[in-house]
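S.K.: Work out the full structure: start from the sequences and follow the hints.
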Amino acid sequence: MIDCKNIGKSYVNGDVETVVLKGITFSIKSGEFVAIMGPSGSGKSTLMHILGALDTPTSGSYHLDGHDISKLSDDELAEIRRNKIGFVFQSFNLLSRSTVLRNVSLPLIYAGVPPIQREERAAAALTSAGLPEDRWNHLSNQLSGGQMQRVAIARALVNNPALILADEPTGNLDTKTGEVVLGTFQELNSEHKHTIVLITHELYVAEHADRIIHIQDGMILEDKKNVRKLIVHNHKA
Amino acid sequence: MTISDLFKETYSSLTVNKVRSGLTILGIVIGIGSVIAMVSIGQGAQSSIETSIQSIGSNLLLVMPGAQRGPGVQVSAGRGSAQTLTQEDADAIIKDITSAKAVAPEISRRYQVTSPGKNTNTQVVGTVSAYPGVRNVEVDQGSFISDQNVRSIAKVAVIGPTVRDDLFGSDTIPIGQTIRINKVDFKIVGITKAKGGSGFGSQDDMIFVPLSTAQRFLAGDTYVTTISIQAENQETMTDMQQQVTDLLVSRHHISDPQLKDFNVLNQSDIVATASSVTSIFTILLSAIASISLLVGGIGIMNMMLTTVTERTREIGLRKAIGAKKSDISTQFLAESVMLTFLGGVFGVILGWLLALAVSQFASIATQISYNSILLAFGVSAAIGIVFGYYPARRAASLNPIEALRYE
Chain A
1 MIDCKNIGKS
11 YVNGDVETVV
21 LKGITFSIKS
31 GEFVAIMGPS
41 GSGKSTLMHI
51 LGALDTPTSG
61 SYHLDGHDIS
71 KLSDDELAEI
81 RRNKIGFVFQ
91 SFNLLSRSTV
101 LRNVSLPLIY
111 AGVPPIQREE
121 RAAAALTSAG
131 LPEDRWNHLS
141 NQLSGGQMQR
151 VAIARALVNN
161 PALILADEPT
171 GNLDTKTGEV
181 VLGTFQELNS
191 EHKHTIVLIT
201 HELYVAEHAD
211 RIIHIQDGMI
221 LEDKKNVRKL
231 IVHNHKA
Chain B
1 MTISDLFKET
11 YSSLTVNKVR
21 SGLTILGIVI
31 GIGSVIAMVS
41 IGQGAQSSIE
51 TSIQSIGSNL
61 LLVMPGAQRG
71 PGVQVSAGRG
81 SAQTLTQEDA
91 DAIIKDITSA
101 KAVAPEISRR
111 YQVTSPGKNT
121 NTQVVGTVSA
131 YPGVRNVEVD
141 QGSFISDQNV
151 RSIAKVAVIG
161 PTVRDDLFGS
171 DTIPIGQTIR
181 INKVDFKIVG
191 ITKAKGGSGF
201 GSQDDMIFVP
211 LSTAQRFLAG
221 DTYVTTISIQ
231 AENQETMTDM
241 QQQVTDLLVS
251 RHHISDPQLK
261 DFNVLNQSDI
271 VATASSVTSI
281 FTILLSAIAS
291 ISLLVGGIGI
301 MNMMLTTVTE
311 RTREIGLRKA
321 IGAKKSDIST
331 QFLAESVMLT
341 FLGGVFGVIL
351 GWLLALAVSQ
361 FASIATQISY
371 NSILLAFGVS
381 AAIGIVFGYY
391 PARRAASLNP
401 IEALRYE
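Quick note, the sequences are listed as chains A and B, same order.
In terms of this note's numbering, the first sequence is residues 1 to 237.
In terms of this note's numbering, the second sequence is residues 1 to 407.
FYI, nobody ran anything at the bench for these hints, they're computed from the structure.
Don't take each hint at face value.
Said to hold, decoys possible - Computed cross-link-like contacts, DSS-like style, restricted to lysine-lysine with a CA-CA straight-line distance of at most 27 Å: (1) B:Lys325 x A:Lys71; (2) B:Lys325 x A:Lys84; (3) A:Lys229 x A:Lys29.
Stated by the list, open to error - Restraint-style ranges between C-beta atoms, simulated for each label pair: (4) A:Lys22 x B:Lys18: 51 to 59 Å; (5) B:Leu23 x A:Asp223: 53 to 61 Å; (6) A:Asp223 x B:Gly22: 56 to 64 Å.
Every value quoted in this text rests on a predicted model; they were computed, and no experiment measured them.
The beta carbon of each residue, even a glycine, is placed where N, CA and C say it ideally should be.
M.R.: The structure is reproduced here in C-alpha cells:
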C-alpha cells in the first residue's frame, strides 16, 4: 500500500546542498503497524513529512494506495492528506477554544461532509479512540494530556484514512499515559485493521509495533520484524 | 467548507480576543461614521439650497438687464441697476414666445413705507396678475393684484406677512387699510402666505403693487427690472432661453450676441451652479473623513497580520488535515470582512446619530441617503477584502511543515 522507491531529499540553502535522505526503499502493506525509529537528525522527520504528503521527495517515487504522489501540487497534496492520511502529533495540535467534537470533526468540514454525518462519525472515532463520552463537549484545553492525545487520535481516525501517521505521539506524555496511548494504537491496528506508522526516537516506544525500520544518516540501517510489547489495559488515561 | 461553518469559525476566532477585535472594529466605525455624517451634512446643505432656489418658482427663466459690453475697460454697475428692459420687451415676449406658460414683468426697488404710526424700509415690486403663479407666491387673505388693477393704474397693494407684522403687528388683518409708499397712498387688498426665509431675499418682506402704478407713481418711467418667464416644462427651457435671447437681441438691435445688454438666467443653471459648489464641499468633507477610514483599514490589516502569526501552528494543523490554500485564505478573509462589516453597521448608526445631532444642535439640515449607506457598506466590505487580502494570502502560503514547528 505504501511503496517507496529510492527516495531522496535534499535542501538547498544558498550554495550549500544538504542531503537528508539518501535513497530509501521500503514498502508497507495494508494493516501493518510499523515503527520508524532513528535518532534526531537521521531524517526520520523528513521521511514522515514525505509519507504524510506534507512534502515531496527530490528524487525517487512514492506510491500511496496506488497514487503516485511524489510530484503533486500543494492543493493536490492537501486532497491526499484529507482523504488518505490521519496525523497524530507530539504536541496534539488541538484547537484549544473548540470543543472535543468540533476538533474531531474538523477534517470532515474540509472534506465537505454534511453536519449530521459529521457528528456520527466524530462520535464513532472518539469511541474507537477510547475517550469517555462525558468529555465530548468539553473544550479541548480542559483535558489532560492523555485525553488530548486521544482526541488527536480520534481526529486522525475520523476520515477513515488509509494511513495513520503518529509523530512521537508519546513525546509529551508521562510513561504511564504514553503506554495507554500506545495501547490504543495497538488496539486500532489489531481490532480495526488500521495501518499505522509510528515515528519515534525511542526503542522502547518502537517496540510496541510489529516491525521496526531503523534509520540513520538518511539511510535504512535495519528493517526487521518485532514481537510487539503488549500493553495490559489496567488504567485509563 | 459551508457558509455556516465559515461563520462559526469566524465568530469563534473573533470572540477569542474581544478587546482587540472591538478596538479594530472601532477604527472602521469611526471611519464609516464620519463619512456618513459628512456626506449627510453636505447633501443636506445641497438640498436646502436647491429647495430655496426652487421656492422662487418652477421652470423659471429670469431676464435681467445688464450693461452692454463694449471693448475697453469694463466698469459694471450693480446687477439689475441698468435700465435696458422695457415694458415693450415684456409685451413682445408675451406675444412672440408662445411656448411660455406665463410671463411676469416686474419693477422693484426699496422704498420707505409708512402706516399710521409705524414705518419700514422694504422691497416694493410692481407686477402683474401672472406673478403669483410664476414666482410661487400664494395669497393668504384677500386677493392678488388683478389685470383690472393694472389697467386702471389702481393704487392697491398686497403685502407680505413680514411687512404686515412691521406695520400693523402680527395676527392683524389690515385689509382695507392704507399704507404710504414714497408719499403715495395705497389701499391694502391682500396679504401673501408666509414662505419662510429663502436665501435669495425673503418674499415675505415684500409689497406688491400693479406694474402700471409702480411705473407711473413710483419709478416714473417704463423700464422693468426683471421679466420672469415660466416654461411649460423643464425640457423646453433651453429652447425658450434661446428664443428669448434671439428676440431681445433683435429688438435691442445688437449685432453681436456676445455684447448683449441683458442676461437670461435659466433656473436650472442657478441650481447647477449652487449644486456644484455644495458637491465640491461634500467631496471635500468626505475626503477628510475617508482618511480615518483608511487608518481603520490599516488597523484591520495590522490585527490580521498579528492573528496570522499567532495562529501559525493552527494554520499548519489545518493544512495537515487537508485544508487547501483557498480554505485558509477564505477563512482569514472572512474574518477581516466580518470585522469591517460589523464596523460598517455600527458606523452607519454612529453617522446617523452624528447627523441627527448636527441638525438638532447646530441647526444645519442633514440628509442621509440610501446611497451613502449602501456606499458605506460597499466601502467597508471592500476595505475588509483589500486589507485582509495580504494577511490571508500570507496565511495560505505558509508551509505546513514549518507552520507546525512554529513556537
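S.K.: Any hints this thing doesn't respect? Which numbers, in order?
M.R.: none
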